[in-house]
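Q: What follows is the residue order along each chain.
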Amino acid sequence: MKAHLTRRYRFSASHRLHSPEMSADENRGTYGKCNNPHGHGHNYALEVTVSGPVDPATGMVCNLVDLDGFVEREVLSRFHVTNLNMLQEFAKLVPTTENLSIEIFEILQRGFLLAHLERVRLEETMMNSFEYAGGNEPRR
Amino acid sequence: MVYLTRKAEFAASHYYHNPDFTPEENRRIFGKCNNPNGHGHNYTLEVTVKGEVDPRSGFVVDLKQLKEVMHHEVLDAMDHRFLNKEVPEFFTRIPTTENLAIAVWQRLQTKLQKAQLHRVRVYETPDLFVDFYGEQ
Numbered sequence: 001m002k003a004h005l006t007r008r009y010r011f012s013a014s015h016r017l018h019s020p021e022m023s024a025d026e027n028r029g030t031y032g033k034c035n036n037p038h039g040h041g042h043n044y045a046l047e048v049t050v051s052g053p054v055d056p057a058t059g060m061v062c063n064l065v066d067l068d069g070f071v072e073r074e075v076l077s078r079f080h081v082t083n084l085n086m087l088q089e090f091a092k093l094v095p096t097t098e099n100l101s102i103e104i105f106e107i108l109q110r111g112f113l114l115a116h117l118e119r120v121r122l123e124e125t126m127m128n129s130f131e132y133a134g135g136n137e138p139r140r
Numbered sequence: 001m002v003y004l005t006r007k008a009e010f011a012a013s014h015y016y017h018n019p020d021f022t023p024e025e026n027r028r029i030f031g032k033c034n035n036p037n038g039h040g041h042n043y044t045l046e047v048t049v050k051g052e053v054d055p056r057s058g059f060v061v062d063l064k065q066l067k068e069v070m071h072h073e074v075l076d077a078m079d080h081r082f083l084n085k086e087v088p089e090f091f092t093r094i095p096t097t098e099n100l101a102i103a104v105w106q107r108l109q110t111k112l113q114k115a116q117l118h119r120v121r122v123y124e125t126p127d128l129f130v131d132f133y134g135e136q
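Residue numbers (the numbering used here), protein chains in the order written: chain A, 1 to 140; chain B, 1 to 136.
Calculated directly from the structure, the hints in this document are not laboratory data. Careful: at least some of the hints might be erroneous.
[Claimed, not checked] Derived list of chain B stretches under chain A, where covered just means 3 residues or more per stretch with a C-beta under 8 angstroms from a C-beta of chain A:
no.: 1; region: 6–20
no.: 2; region: 88–101
no.: 3; region: 116–130
[As the list claims (entries may be wrong)] Straight-line C-alpha distance at most 27 angstroms; calculated DSSO-like pairs for lysine-lysine:
no.: 4; chain 1: B; residue 1: K114; chain 2: A; residue 2: K2
no.: 5; chain 1: B; residue 1: K111; chain 2: B; residue 2: K85
no.: 6; chain 1: A; residue 1: K92; chain 2: A; residue 2: K33
no.: 7; chain 1: B; residue 1: K64; chain 2: B; residue 2: K50
no.: 8; chain 1: B; residue 1: K50; chain 2: B; residue 2: K7
no.: 9; chain 1: B; residue 1: K7; chain 2: A; residue 2: K2
no.: 10; chain 1: A; residue 1: K2; chain 2: B; residue 2: K32
no.: 11; chain 1: B; residue 1: K67; chain 2: B; residue 2: K50
no.: 12; chain 1: B; residue 1: K50; chain 2: B; residue 2: K114
no.: 13; chain 1: A; residue 1: K2; chain 2: B; residue 2: K111
no.: 14; chain 1: A; residue 1: K2; chain 2: B; residue 2: K50
no.: 15; chain 1: B; residue 1: K111; chain 2: B; residue 2: K7
no.: 16; chain 1: B; residue 1: K32; chain 2: B; residue 2: K85
no.: 17; chain 1: A; residue 1: K2; chain 2: B; residue 2: K85
no.: 18; chain 1: A; residue 1: K2; chain 2: B; residue 2: K67
no.: 19; chain 1: B; residue 1: K114; chain 2: B; residue 2: K7
If you're wondering where the values come from, they're calculated on a predicted model, not measured in any experiment. Every residue, glycine too, gets a C-beta built ideally from N, C-alpha and C.
All chains, full assembly: derive it from the sequences and hints.
A: Laid out in structure tokens, this is it:
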């Protein structure tokens, strides 16, 4: 039987929303406070959903130790307590939470092969959250 | 189609062990969860049903009936229990959150009148939950 498993993680990072393709006025108009040149930070909450058949021998979709290890190594240690604008991933990409969700989804899709990746959900604050399911409609 | 979700909480203990594995395999695969004395969680259960709104009552489902079925079928059986030893499904299946979501679905499915079960979500902790949609 197929089940969906969701695990929640936390990390903190700073960013500045600024596009080199826009004028200074346009950047301020588009990004508002988020365009402050010195940046600002968030406590992000990340939800990773994977799915697959429940293994009758273990009762698991995948071993959480493996998922936690992968996310810790490939996602949290890469982004936690960093300035996102300084990272290679965002050298040409504005580090909005939309783009960060897509980036994290792609890291997981490339490297975590022990279950099917369904979706990534990223909370930037308690008021804003973003979901990306690789272009598919996230399951409700 | 309208979706309606009812929440409930229960507390239970469990441990993970497969008698077909060696003690070393059990410890390696299940880690701390293999402690035979068990450990516990405060589980949160979310049951989502779907259906058309009845024009007379304005309901998708009688919430009172849903609540009673959840109490009778799930909470009475699982709240303040050692799942491995007191809930028949887990005499042979490992009481992981995945299997718990499946067991809740199977217990509710035949008992719900009118409304169609859409999703069972079981939170083992606020940071870990499983969704089951009745898929084989």
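Q: Which hints, by number, does the structure contradict?
A: The structure breaks none of the hints.
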